[in-house]
Amino acid sequence: MKNRIAQVISICLLSFSTQSFSTSIADATMHVFVPTDVRTNILQKKLESVCPDFSITVFGRGQDFVSQSHKTHPDVILTLMPVIEKSSGYHSYFIGLKNGVTSEPYLLVSKDREINTTDLSNKTIGVLDLLGRKLMTEYVHQLLKQNVKVKRVTKREDLLPLLIFNAANAILVSRSVFGALSEKSQLNLVATEMDVSIGLAALAANDDAVKDKLDKCIKKFDSHLNTMLGVDQWTKN
Amino acid sequence: MDKKLKAMMVCFLRPDIVMLICFCFAAPTVAAEPTGLVLRADGEVFAEVLAGLSSDVEGELRLVELKMSKNISFRDIKKEIKKVKPHIIILIGNSAMNVYTQYQNRNPNQAFPPAVALAALYVNKLVEKMSNTTGIRYEIPAVTSLVNMRALLDQQVKKVGVVYRSWMQDVLDENTAYTKLEGINLVGHVLPNRDQNMVGKLRAAISKLLDEKVDAFWIINDNTLLNRETFVKAWLPLLGDSSTPVVVGVKSLVESNLNFGVYAIVPDHYALGIQAASMVFDIMDANWSIDGIEIQQPISVKKIVNMKVVSQKGIHIVPEKLTEVDNVIH
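Top to bottom, those sequences are chains A and B. Yeah, the first sequence ends on 237 if you go by the working numbering, and it's all consecutive. Yeah, the second sequence ends on 330 if you go by the working numbering, and it's all consecutive.
One or more hints might be untrue.
Straight-line C-alpha distance at most 30 Å; calculated DSS-like pairs for lysine-lysine [as the list claims (entries may be wrong)]:
1) B/Lys158 / A/Lys155
2) B/Lys321 / A/Lys219
3) B/Lys302 / A/Lys155
4) B/Lys159 / A/Lys111
5) B/Lys129 / B/Lys67
6) A/Lys111 / B/Lys180
7) B/Lys125 / A/Lys149
8) B/Lys158 / A/Lys111
9) A/Lys111 / B/Lys67
10) A/Lys184 / B/Lys159
11) A/Lys45 / B/Lys321
12) A/Lys184 / B/Lys213
13) A/Lys46 / B/Lys321
14) B/Lys180 / B/Lys67
15) B/Lys180 / A/Lys184
Don't read these hints as lab results, they were simulated from the structure.
Use the sequences and the hints to build the structure in full.
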């Protein structure tokens, strides 16, 4: 009996010590969601090669990123500013810049003719989902200052079919995405300028302790990786 | 202060009473969450569709699943509907659509909840025979396949050959209208619905399209035109050695080392589930009515390219675009 108790105690001690050991050597975690046409496995490999101190998970869908990050509270998130703003407890340490600014203008792109932006109330606007149904709908209403019908897609490349199949009256895309779409498609795409800008990718953490690791890793971000992330350089916040 | 009022305030300050009140207010909200009955075919891809659907409706629609099997009949569906009282029915796969159609036919005087059908072949045609049902088509339109392939290829894709049977004329017409918008001309060669010498007719059609110097071939998933015999005796001998890119809708035709399919575009099943969720929300917002909610085209796809075939056929591609392909076979 005594032996058995001793065995149980030693197993318990061992499991406690293993737990603390594994916690101490565990990598910091980083969740990534940045809309790009590049496949997630390629972005994941690239990030892992420059940030070996982080256990990285790249998400291809905004809603999966939001729900998983909400459940597991990663140390660092790398995503667009609107997503960071909806993630409580995170502070941006590095903000992406493109052409010297931290946000990018967005346009309404339609087929054949310009969309009348003064009355969008009966219009369906296609967007890439960043936040999930409710939050994304609210966000788009706030951006366009009108209660449009929001049609969400999970991948950036899925915006073009919305116009081809008349599933949306217009799509809300950044100027750079409009350029890429015009290159890919021979539809008569017409852009309507809007007074709308959305923040670029940023790196945010929920703990100062990972700041040094982040610093080390972001220094290795090259132009290829930055292009994938939709920025051309980073600035400290 | 009135004694009764004081007593009431004390009650409100007690945490247990506050919790009870909160529960009383919260309880109807939980109970009010609408229910969707999912009738789904057995299989991995259908489970993936359901996973996508569930991820998007989580917290807004309670899903109850009934998986199809040989033992499930329209009677089981009747029992399940009676038990679950669904606000909406989601039909995933042809077997689910078939049994649910039987259920509707056997209960003609009943009011059916709205239904969304997906991941089934020819949803648009099947839905015509059903009540209060809409859906998402499963077949990937040519324009989706060809615009994606054109983005990868460093060569022209303006004239694309396709062989089809006469019953598919409306499919071809619809696809031609979409591809025209993208500056792609579908050159169709029609074959009879039935013919004792289908292989011979198919060979002649492919040869004619090759003579017309089409930039690519788009192969329609049709069991009569694409089966073991036609593949071995017509498609492979004529297109295997040709340098013309072939885009297919079946993974196996591009995965193998057949030197046949260059590019495959297949449904993204998880995304298809999310697209269905969006349709479910539209119906929910319309107070569970499908009026004005038309059958949709599938929006999201997965792309597979076989680089061995690309190289053997001497096809030119834009290497940077490979990062946008889901599966690159080397």
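Each hint, compared with the structure:
For the suggested pair lysine 158 of chain B and lysine 155 of chain A, the alpha carbons sit about 26 Å apart, so the restraint of at most 30 Å is met. For the hint linking lysine 321 of chain B to lysine 219 of chain A, the alpha-carbon distance of about 26 Å falls within 30 Å, and the restraint holds. The suggested pairing of lysine 302 of chain B with lysine 155 of chain A holds, with an alpha-carbon distance near 11 Å, which does not exceed 30 Å. The hinted pair formed by lysine 159 of chain B and lysine 111 of chain A meets the criterion: a straight-line CA distance of about 23 Å does not exceed 30 Å.
For the hint pairing lysine 129 of chain B with lysine 67 of chain B, the CA-to-CA distance comes to about 22 Å; that is within 30 Å, so the pair holds. Taking the CA atoms of lysine 111 of chain A and lysine 180 of chain B, the gap is about 14 Å. The hint holds against a cut of 30 Å. Proposed proximity of lysine 125 of chain B and lysine 149 of chain A is supported: the alpha carbons are some 28 Å apart, at most 30 Å. Restraint check: the Cα-Cα separation between lysine 158 of chain B and lysine 111 of chain A comes to about 21 Å, which is no more than 30 Å; the hinted pair holds.
A C-alpha spacing of about 41 Å is found between lysine 111 of chain A and lysine 67 of chain B, which places the hinted pair above 30 Å, so the restraint is violated. With a CA separation close to 17 Å, the supplied pair lysine 184 of chain A and lysine 159 of chain B stays within the 30 Å bound. At roughly 17 Å between alpha-carbon atoms, lysine 45 of chain A and lysine 321 of chain B fall within 30 Å of each other, so this suggested pair holds. Taking the CA atoms of lysine 184 of chain A and lysine 213 of chain B, the gap is about 23 Å. The hint holds against a cut of 30 Å.
For a cut-off of 30 Å, the pair hint linking lysine 46 of chain A to lysine 321 of chain B stands: about 16 Å separates their Cα positions. With a C-alpha separation of about 41 Å, the suggested pairing of lysine 180 of chain B with lysine 67 of chain B is violated against the 30 Å cut-off. Restraint check: the Cα-Cα separation between lysine 180 of chain B and lysine 184 of chain A comes to about 15 Å, which is no more than 30 Å; the hinted pair holds.
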